[in-house]
Amino acid sequence: AQSVTQPDIHITVSEGASLELRCNYSYGATPYLFWYVQSPGQGLQLLLKYFSGDTLVQGIKGFEAEFKRSQSSFNLRKPSVHWSDAAEYFCAVGSTGANNLFFGTGTRLTVIP
Amino acid sequence: EADIYQTPRYLVIGTGKKITLECSQTMGHDKMYWYQQDPGMELHLIHYSYGVNSTEKGDLSSESTVSRIRTEHFPLTLESARPSHTSQYLCASRVQGPYNEQFFGPGTRLTVL
Numbered sequence: 001a002q003s004v005t006q007p008d009i010h011i012t013v014s015e016g017a018s019l020e021l022r023c024n025y026s027y028g029a030t031p032y033l034f035w036y037v038q039s040p041g042q043g044l045q046l047l048l049k050y051f052s053g054d055t056l057v058q059g060i061k062g063f064e065a066e067f068k069r070s071q072s073s074f075n076l077r078k079p080s081v082h083w084s085d086a087a088e089y090f091c092a093v094g095s096t097g098a099n100n101l102f103f104g105t106g107t108r109l110t111v112i113p
Numbered sequence: 114e115a116d117i118y119q120t121p122r123y124l125v126i127g128t129g130k131k132i133t134l135e136c137s138q139t140m141g142h143d144k145m146y147w148y149q150q151d152p153g154m155e156l157h158l159i160h161y162s163y164g165v166n167s168t169e170k171g172d173l174s175s176e177s178t179v180s181r182i183r184t185e186h187f188p189l190t191l192e193s194a195r196p197s198h199t200s201q202y203l204c205a206s207r208v209q210g211p212y213n214e215q216f217f218g219p220g221t222r223l224t225v226l
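In order, the protein sequences belong to chains H and B. For the first sequence, this note's numbering assigns the number 113 to the last residue and increments by one with no breaks. For the second sequence, this note's numbering assigns the number 226 to the last residue and increments by one with no breaks.
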């Protein structure tokens, strides 16, 4: 069965510090992977996506993610966090022809001055 | 400007009322989705559509119904709202093709008293 695990419910980092949000997936077919961000009261905005090719993908707002097939992981990183990055982050997996995406439970990021 | 819209953004209503949550997109996407989102939980797909006159139930059982009479419009209806329907409802659409990238609306937060 398809599933996405985000083991960290809540992470707090200082502004300017580096960030890594973890995502592990379980999917029988070749996965397509996504990271979305959700600010309070808003919908989800796509940060980046991985379909194939280079396993290190760059996204918007200075985020990047690395696909590691051997670890079934797609962790999100940012070298220097800004206060405006405080939000909820969702990892999702899908595949060609899938009806929908499967989402993790999200990681809430708090940024302290 | 191509976008996806949801109205109302917030709705507080009494038990037993009939409600319709509106979703419209101007991107010309054939595929549209409704998700239910509760705090600390993954997004659950409740309905999807592949095009006009196509509607399917998603993974999460829901007492709501949907219709797709026009490509750009995908409303969700609850015939008799109950407190258990209190949640955030997110509408999304997807570009045609092999990839599953979805674009989300801002959501409707529904509270049933």
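These aren't lab readings, by the way, just hints derived from the structure by calculation. Ideal placement from N, C-alpha and C gives every residue a C-beta, glycine not left out. Incorrect hints may have been included.
Said to hold, decoys possible - Stretches of chain B that chain H covers, calculated by requiring three or more beta carbons in the stretch to come under 8 Å of a beta carbon on chain H:
1. 141 to 155
2. 158 to 172
3. 184 to 195
Taking the earlier hints as the rules, which of them does this structure contradict?
Hint 3 contradicted; others consistent.
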